[in-house]
Amino acid sequence: MASLFEFLVAAFLVMAGIFGIVGSYGLIKLNDPMSRLHAPTKATTLGVGGVLLASLLHAAVFEEHVSIHELMITLFLFLTAPITANFIAKVHIHRQETRETMPPAGEDDHWATHDKPEDEERRSAGRPDAAQ
Amino acid sequence: MIENAAYFAFACFALAMLMNLWKIVTAPDIADRILALDTMFINAIALMVLYGLALGTEMFFEAAMIIAMLGFVSTVAYARFILRGNIIE
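Same order as they appear, the protein sequences are chains B and D.
Residue 1 is where the first sequence starts when you use this note's numbering, and the numbers rise one by one after that.
Residue 1 is where the second sequence starts when you use this note's numbering, and the numbers rise one by one after that.
So that you can see chain B by itself, here it is in the shape it has in the complex (with noise of 0.2 angstroms):
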């Protein structure tokens, strides 16, 4: 029965550490930074996962102790990979494109990201702290 975790853990191990370099090896070698925006963000987060399943399953087998420190992590990191990479495509957006070089935006007329603040003096005039 041991050697069946043993074997799991090792299966996670392996299968992680392919996660990660593949990730990483992504973010050299693909041309279009759109695309490059993929291999760390989604194959790198599943590597850490990977390693975090496998650190859990080895604490509860083999040191028999349950620590949930190795969930707290991976919910962390599997919540906030999305905003980062969000964050990341919007840089890029703003530093490398304009609205006429983005694709179509199917029924608007453009990206909401490429929207301009054009009610920004009239919704600042109704604010306390914009009088001066």
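Everything labelled a hint here was simulated from the structure, so no lab data went into it.
Cβ pair distances, simulated, as ranges: (1) D/Ile87 to B/Asp32: 20 to 30 angstroms; (2) B/Gly106 to D/Ile24: 29 to 39 angstroms; (3) B/Ala112 to D/Gly56: 45 to 55 angstroms; (4) B/Lys90 to D/Asn4: 34 to 44 angstroms; (5) B/Arg99 to D/Glu58: 49 to 59 angstroms; (6) D/Gly85 to B/Phe78: 23 to 33 angstroms; (7) D/Met59 to B/Pro103: 44 to 54 angstroms; (8) D/Glu58 to B/Glu97: 39 to 49 angstroms.
Glycine included, C-beta positions come from ideal geometry on N, C-alpha and C.
Got chain B; can you put chain D on it based on the hints?
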């Protein structure tokens, strides 16, 4: 078996970190640099958890948690600074 798999994962994540470092040096644009730094943070977390697994201690999880939080906050702050010229408006 676990030992060999852990060595394999160590080698993979170390190589991944070197590739991130190479990308930081040669990146054409600042968005790539932010991305490579964020990936480096994630790889550092993986290396710390692996080290904790190899030594069998629980000491490294707090450090990994702190690195995870710092990585997220610093990436968002960097991207926000590039986008708006300001972190908190």
